[in-house]
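Line by line, the protein sequences are chains Y and D. For the first sequence, the working numbering gives the first residue as 1, with consecutive numbering after it. For the second sequence, the working numbering gives the first residue as 1001, with consecutive numbering after it.
I should point out that these hints are in silico values taken from the structure, not numbers from a laboratory. Where hints are given, some of them may not hold.
As the list claims (entries may be wrong) - For each label pair, taking beta carbons as the anchor points, the in silico distance ranges come out as:
{"#": "1", "chain 1": "Y", "residue 1": "Ser-269", "chain 2": "D", "residue 2": "Glu-1289", "range": "40 to 48 Å"}
{"#": "2", "chain 1": "D", "residue 1": "Ile-1146", "chain 2": "Y", "residue 2": "Ser-266", "range": "57 to 65 Å"}
{"#": "3", "chain 1": "D", "residue 1": "Ser-1072", "chain 2": "Y", "residue 2": "Arg-29", "range": "37 to 45 Å"}
{"#": "4", "chain 1": "D", "residue 1": "Asp-1236", "chain 2": "Y", "residue 2": "Lys-35", "range": "44 to 52 Å"}
{"#": "5", "chain 1": "D", "residue 1": "Ile-1146", "chain 2": "Y", "residue 2": "Val-203", "range": "55 to 63 Å"}
As the list claims (entries may be wrong) - Short, incomplete list of chain Y residues facing chain D, as computed with Cβ under 8 Å:
{"#": "6", "residue": "Pro-23"}
{"#": "7", "residue": "Asn-187"}
{"#": "8", "residue": "Ala-278"}
{"#": "9", "residue": "Asn-294"}
From a predicted model like this one, the values you see are computed outputs, not experimental measurements. All C-beta atoms, glycine included, are put in the ideal place defined by N, C-alpha and C.
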Amino acid sequence: MAVAEGAEPISLQEQEESQRSNPWFDAWRLFRRNKASMVALGVILLIVFIAVTAKLWTNIGLIDARGGAVARHTVNPLNVAPQDSYPDPGLAARDDQGRNPYWCGWLTDEALVSVQDKYCSLPEPDAEKKQWVWLLGADSNGKDWLTQTIYGAQVSLAVGVVGATMSLVVGLIYGMISGFYGGRIDNAMMRFVDFMYGFPTLVFIILMQVYFTEVAREYQDQGRGGIVGFILDLNKDMGGLLFLFIALGVLNWIGMARHARGLVLSYRSKEFVEAARAVGASNRRIIFIHLLPNIIGPLIVLETLAIPGYIFTEAFLSFIGLGVQPGTPSWGAMISEVRQRGGFFSNRHILLVPSIALVITTLSFNFLGDGLRDAFDPRMRGT
Amino acid sequence: MNQPMSDTQADQVTGTTPATDRKILVEVKGLKKYFPIKSGILFQREVAAVKAVDNVSFHIYEGETLGLVGESGCGKSTTGRTILQLYEATAGSIKFQGQEITNLKGAQLRKMRREMQMIFQDPYASLNPRMSVGRIVAEPLVVHNIGTKQEREDRVAELLELVGLNPYFVRRYPHEFSGGQRQRIGLARALALNPEFIVADEPISALDVSIQAQVVNLMQKLQETLGLTYLFIAHDLSMVRHLCDRVAVMYLGKIVEIAESEELYTNPLHPYTQALLSAVPVPDPVVEEKRQRIILKGDVPSPINPPTGCNFNTRCPVSVDMCYQEDPGLIEVQPEHWVACHRVD
Ligand SMILES: Nc1ncnc2c1ncn2[C@@H]1O[C@H](COP(=O)(O)OP(=O)(O)O)[C@@H](O)[C@H]1O
Ligand SMILES: [Mg+2]
């Protein structure tokens, strides 16, 4: 058989290139070139690492913000120390400069012995007092601020990842069914989406959270069990995150469903799908082999770019007291703490620490999303 | 002079057409494909229909190439796709090797699909960008569960060689290939199941002129070696002449003229065919000098509301009263030369 156009032998180097040239690898190569995104990826990995290993950080001298004590000391300043030895800093009279007193202190080998009422300039290191506690101060319950920030990363990441995953899975399935089957099904499904789209998302989420809180209170008062009781308990064990996931999930899949449907519609009529139909490929094969691999990339990009939104929503809800349950460390709740007891001017860093954590995390996801977008679809660059 | 062909007569007339004893592979009778236009927010009603293919009858002989020519939007692709059962026919009959295929379902339809394949116009949209060339070409084999993995790989290599590509390309992805190479890959995929019949939907329209000839030559060579039958769709007459045995000209969902290639070029009867031909440059400079383009007035009417009577009447330079009242059926004015025009006698 005569070998024609394009069949010229290719060099060894070219052959090697071609082996690694698959669309996913190409995307990674493009991504790697984007410095900001690579840095963002590094920061996110670092935050994930810190969040996952949060326990370790509390064990090297910081007090577990969740109320557990440092194992070595078996001391829990929250429980052991008599309540009145902790004058509530929030209630304490302001000093003559109008500043709120703020707690700093450290642990010795024996116990938590020294609690000082400072304005949270860091306590001086002292050779005999080995471990700092409350490096960045503590809240009105005496819980360490740095530790709370570290545990707050767990909440933010969980909300971001679970929110994105739920929204992606639900939206993808919904949108693909709608777009793939089309016609009446599509019409009905999309009218429902339009209807849901009409709700102001945040108001809807707030109302849901209020509803959940009320239900929880009622159940607690009546001491009932059952499935609802089980769910309420589970939510409690999760520090209120379960209801947050649900509230975030109920609305956020909608935008994803629209995008997924749009992408399915644009690919469904592509000729390679028709070619697959012409050889007799099943719907299942067309969906999973031809449509999904093509639409999943852009959707992952969109979801990555949506993660900062989920993190902010959680922070906002926790700030207004409708997010995580009291006692669960969350950046939004920490910022709210500042509001509740003052210290906005006197102890700026207590506001800055969770705020900066929030900003760094959300910015990193934004840059990551940008990089992914450029990598998956270079034509979309700059949009 | 034959009688004009009405809807009901279509059967008899095309049925008796073949004067020769060539075997008919594909026979299309009274084929209609309407796309409904729906409207309404909650409960959609059908408010109108795009009459993409409106009562079309023709046949394709075994081993020949039938050209299907017409302006874009006249229903050529829809005709090809409906024959391949990619669209469900609104009405009419399609017979393949004498078997009615419009009512096939499930396993029978899948079996039929092995005999008929398609190659596409857009070399960029016709290959899945997330699949390697090897997977693309092997897909028909996988779908029909043919052979072991090794046998499939061998077959893919064989197919790539057959269409003039280096079998080493199996691990590459479509974006690494030129338009012409992609068309070859599409051709290899179409040939994987050893089909009898291939619908080629403007396979060269999107290619550089220099590469068009290569692909056409390849298609011709494959036709000789594999005994293929083609329905070759094109939007102008220039490429079709030396490739096709017979040519059908389509206008607004209907076939207006069918004839053997040479006959159509030398003796076009329908005013629309004449206009199309007048747009084809002639290589002979003397003839080219004298060539007069017939510019049709106006635009193609909407296939939602085609004109009554002859649907070419809005643009026809020679229309008379009758053209606005009666739809001229296809009539056989000479053996194997059919035309749908009141003014031809
Ligand atoms: N899937 C479809 N849905 C609705 N209308 C269609 C569809 N496919 C084609 N059409 C319409 O049918 C007519 C014929 O289209 P087509 O067969 O693609 O023309 P051609 O291939 O000759 O350019 C056009 O008016 C087009 O808009
Ligand atoms: Mg077309």
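Do the hints match the structure? See the list:
{"no.": "1", "hint": "Ser-269(Y) - Glu-1289(D): 40 to 48 Å", "in the structure": "45 Å, holds"}
{"no.": "2", "hint": "Ile-1146(D) - Ser-266(Y): 57 to 65 Å", "in the structure": "31 Å, violated"}
{"no.": "3", "hint": "Ser-1072(D) - Arg-29(Y): 37 to 45 Å", "in the structure": "39 Å, holds"}
{"no.": "4", "hint": "Asp-1236(D) - Lys-35(Y): 44 to 52 Å", "in the structure": "51 Å, holds"}
{"no.": "5", "hint": "Ile-1146(D) - Val-203(Y): 55 to 63 Å", "in the structure": "58 Å, holds"}
{"no.": "6", "hint": "Pro-23", "in the structure": "6 Å, holds"}
{"no.": "7", "hint": "Asn-187", "in the structure": "6 Å, holds"}
{"no.": "8", "hint": "Ala-278", "in the structure": "5 Å, holds"}
{"no.": "9", "hint": "Asn-294", "in the structure": "6 Å, holds"}
Comparing the model with each numbered hint stated earlier shows that hint 2 is the single one that does not hold.
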